[in-house]
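4 protein chains.
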Amino acid sequence: MKALVYHGAGRHSWQEVPDPAVQDPDDAIVRVDAVTICGTDLHILNGDVPDVVDGRVLGHEAVGTVQQVGSGVRSVHPGDRVLVSCISACGRCRYCRLASYGQCVGGGGWVLGHLVDGTQAHVVRTPFADTSLHILPDSVTDESALMLADILPTAYEVGVHNGHVTPGDVVVIVGAGPVGLAAVMTAQLFSPSQIIVIDPSDVRRAAATTLGATMVMHPRDQVHDEVLKETTGAGADVVIEAVGIPATFQMCTELVRPGGHVANVGVHGSPVQLHLESLWSRNVTITTGLVDTSSTPTLLRMVSTGQIDTTALVTHRFGLDEMLDAYDVFAGAADTGALKVALFRT
Amino acid sequence: MKALVYHGAGRHSWQEVPDPAVQDPDDAIVRVDAVTICGTDLHILNGDVPDVVDGRVLGHEAVGTVQQVGSGVRSVHPGDRVLVSCISACGRCRYCRLASYGQCVGGGGWVLGHLVDGTQAHVVRTPFADTSLHILPDSVTDESALMLADILPTAYEVGVHNGHVTPGDVVVIVGAGPVGLAAVMTAQLFSPSQIIVIDPSDVRRAAATTLGATMVMHPRDQVHDEVLKETTGAGADVVIEAVGIPATFQMCTELVRPGGHVANVGVHGSPVQLHLESLWSRNVTITTGLVDTSSTPTLLRMVSTGQIDTTALVTHRFGLDEMLDAYDVFAGAADTGALKVALFRT
Amino acid sequence: MKALVYHGAGRHSWQEVPDPAVQDPDDAIVRVDAVTICGTDLHILNGDVPDVVDGRVLGHEAVGTVQQVGSGVRSVHPGDRVLVSCISACGRCRYCRLASYGQCVGGGGWVLGHLVDGTQAHVVRTPFADTSLHILPDSVTDESALMLADILPTAYEVGVHNGHVTPGDVVVIVGAGPVGLAAVMTAQLFSPSQIIVIDPSDVRRAAATTLGATMVMHPRDQVHDEVLKETTGAGADVVIEAVGIPATFQMCTELVRPGGHVANVGVHGSPVQLHLESLWSRNVTITTGLVDTSSTPTLLRMVSTGQIDTTALVTHRFGLDEMLDAYDVFAGAADTGALKVALFRT
Amino acid sequence: MKALVYHGAGRHSWQEVPDPAVQDPDDAIVRVDAVTICGTDLHILNGDVPDVVDGRVLGHEAVGTVQQVGSGVRSVHPGDRVLVSCISACGRCRYCRLASYGQCVGGGGWVLGHLVDGTQAHVVRTPFADTSLHILPDSVTDESALMLADILPTAYEVGVHNGHVTPGDVVVIVGAGPVGLAAVMTAQLFSPSQIIVIDPSDVRRAAATTLGATMVMHPRDQVHDEVLKETTGAGADVVIEAVGIPATFQMCTELVRPGGHVANVGVHGSPVQLHLESLWSRNVTITTGLVDTSSTPTLLRMVSTGQIDTTALVTHRFGLDEMLDAYDVFAGAADTGALKVALFRT
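Protein chains in written order, with our numbering: chain A, 1 to 346; chain B, 1 to 346; chain C, 1 to 346; chain D, 1 to 346.
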């Protein structure tokens, strides 16, 4: 079969590799019907994730069809159409028992396309199939489901849930990339009064407005003054960081009201300054998190009922064998305007 | 009457000032029977709190006897023995309605000895008497009650509650000054399996052990290794910062397990580095807070029933007119071994 | 002035009574601009609420204009347009400090039109004005605000909040009177996947559909089978009782899934059977509650921003002096199709 | 091997049966080293649990040694000393993913000694071994661990957790059988100010006092008056029902304060009256529940550290082959004073 293989910083190819096979009784072998590319994949290509070794097949998001299962698998069967989630869960460890699958210490967590071969391939081996795959109803398209493999649960759990968005709140979302936009979508499930989005890209601010933002700003606007004006001087109830650099994180801590929440979703590569000399007395809660995908069944139901419509997130579509083109378009988002790209088996 | 008056950085005196009088219908005039000194008072004397003007009477903790009340006061009466809490609550604003009195925007919050004259005096005017004073049962001594004016609720709310201490947890407390020791005491209300205390002072580590710490360490010990050893490699469930400097804050974020809580109680004067490059994926919750004193009635009941015994916290006792001596002993804690000092009307 | 006066079971009149005056420093005198009638008022007229004495002015919901305030009132002033809430809060007692104003033991709780004269009058005295009145923004009409005096916060707090409605839930609401319909409206703030409403009245089921119910049923329909069908055999996540008789309460406990919530909002006059022989092992949570009106500021903001539109709840409008006619229409809802009636100063 | 076999209402025998064998890849075969008898076993013998068929081996609590595991078992191995918990968890279903194992719909829940053969035998087959067995540290004795198979987590989860016991609370526990006494022990983990226990048996009231009750009463005492006296007229914060009959449940709802919790732990055989005509307005929360055993790892750690000492709960000890004698002593608790009996492999 063909797969997208990492060969060290800056080098990757769409090449022939051996078909995966069942290794453990918990495994499933899944034919990939649809797959996407994550910002994290670009970080890997930059060499920023040293755990990823030369020869690794990348990708941690897919929709596919089960072809074979190990002897211990009970709840999925060959022929089932499934969501392959970015997080695998052993289902047995201390963290899995708390539904904190992203922190699994039993061999799961984020392993696909990271510590084991991933989904950007014709076929993928998925460990812990019973507790990591989600059977898809017919009413959910492959493309819609694909948005549930990572970005929807990430935005919902790490942004909206950790941020405790509540009816009537003023929510600020800093960053309108795919995850920031997914936060715009899922924050609305808790009926905030305002969703203010800050992003330098005209395209992304426009997408945020389409998806439900009530106000959009460029970071060079009078962001602080505007947020205070909208909150009678208090600051925002919830601020979600969806960029991952020191300047945006600091902006978040400046925009939050006393008693409010800063939910960090962004992937950071360097330390940030935390101004405890002003924050120590302000009853602020700051959270971080890797997605657990504990919300995936709920989000799946809401996509199925039409409460969540993910179609606006996919801007470019490809055949599976056009993987390298898809990477180029996604990596060049500043020029191409790409949000999420989707690749389909042809 | 006499009072401790601030005269700008480095200058204070115990001097004659006019007796306070009722100014607002919500006021009470309280004769001070017992009073203490807070680390914050030393910060004020250093000139670190610019809001405090020349001529201000300091002090925000006292036990006293009501002498007079304004026309709008309903629930306290002349002759009542009361706790004067560090936080005044207007009882009407958005924050007071959420029991977040420390963030009061209706004229309360931390005002005594800060924005209005305080308790280090023979008599004090207390605003918002109905919602800021606590009537004391006979079973609670002045000295025990004094510990409830600030340090007990601060440690309990900002440390133990914000940190979500839960039965069976491993709790680390960094700093064993009065508030850190109060955290040792009140953390036990939730039955953690271990309370590990880190402080450079032999005296304070010994006090921590007496009050219930299960392990004490000097910061130059192999703190990180020991905490990992005690937690089968995971890190502590809860870490409470009770110092207020960058090094101790960073230690806290290094000791916490994935999914754990860092509760900052320390008063910080400068920014800290937050290592989001490693913390972003670890599901960590970091909280800050000024005490709300919403727990004071509960803590008072527990002192009254003997569940909490505050006697070990007071190391030095003085007459009220020995105020300057008491300041010297408290400021020289490194030499005197002082934890809390208490001054009594004679 | 004129007022609706209760004269014992079955007797009431719209008659001349003395104008109210300030009695306590916390009082406000409010001219009534709009008022409504509650199902509870009908219970009083039936003699079901023995605390209500002959001569009492009824009514606990109004919008008005402050005419005069007592010496202790700080936050409302003559000329302010205010919401008079069904709950008065002393702001000082154990329950008020927890924002549980409905349980106030300091002289508040439900007192208007119950233990003191109420709002169905030209003018009303409101105790504890600072903590019981809500100043209205210009953007909210008298009629919209009137729905916030009781039914919206009751449905939201006692039904939706106590029931823990969560995105993706299946919610069943038994009873589509004014409070049941307000539950239909406010449940949507948490984005359930389904809201199933059960009521025998065609008019009310139609209103429920208009306001957002996804399915409506007559109680004689195969309610249990349908709910199981919609929930793959599990039962509803949340069931809200908004009637107040044994049969409907029992229906609620039969429709809830293991681990689900039954939130009782209905006012009951007799005991119910609770089938613990089947419920004991099902992890069910049953709640009761009188409204606290702690959510009123938030709901007011959402009415102001248009997130909540209460206009469909008022079916009949009258002049204030048409009080007896309004009572007749409201009491005859089965024939008149009345939901809420509104009376306005002319 | 020998086992305690049910032969229809009123008939049971300790008899030879075939040794169990691995049936599913998730199974473990465990040699029973210690076992106990539950009140539920007596209900089964009375014929009250019709799901239990003739020929079933009873028992759902044990400590043992793993002899063999199925091909899919990863985390326990032959030779491991394990706790066999009353609840089996498939680990895959909707409820297991929420740690609500007692409600498992994937083949687990309470199955041992109920729907499959149980632990009152020389050897037991345990399904879903990875997610249902708990490996025991050497520091915990067989007898101590045995109390963790059912009664400790039941009291802690269904009584103390569901009841939201909080520091300073007044807790009433109605019923001082083994589970009621386990509630006395585990309620103390949250430092209530008072634990008031009500039971007609002198022996059990004495045991309650030994285990930490602050007041004990006979049900014919002035229970209501006493509880009001201890709570300044309010009622108890938390009331735990640990009997399972209508009279005791009703007592619980009469003793709880407005805003308080009634946590039902008792197994009920008939409906109860719920006085909603007085409770509807009192903000009461009533919970039911089957144990999930989600707290077992935490409780095990606390037994291991000595925070919980279960030794007082076992009053009578037997050899495993003295099963019928043990049943007699346990069933005759009124005369024998038995709390828990323990049987050990000899």
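Be aware that one or more of the hints could be misleading.
Sample of chain A residues at the chain D side, in silico, Cβ under 7 angstroms [what the hints assert, rightly or not]:
| no. | residue |
| --- | --- |
| 1 | 71 |
| 2 | 77 |
| 3 | 79 |
A few chain D positions that, by computed beta-carbon distances, are all more than 10 angstroms from chain A [claimed, not checked]:
| no. | residue |
| --- | --- |
| 4 | 26 |
| 5 | 98 |
| 6 | 99 |
To give an idea of the chain A side of the interface with chain B (calculated C-beta under 7 angstroms), a few residues [unchecked claim]:
| no. | residue |
| --- | --- |
| 7 | 68 |
| 8 | 139 |
| 9 | 272 |
Worth flagging that the hints you see were computed from the coordinates, not collected in a lab.
Glycine included, C-beta positions come from ideal geometry on N, C-alpha and C.
- Run the structure past the numbered hints and jot down the numbers of the failing ones, going up. 2, 3, 4, 5, 6, 7 and 8
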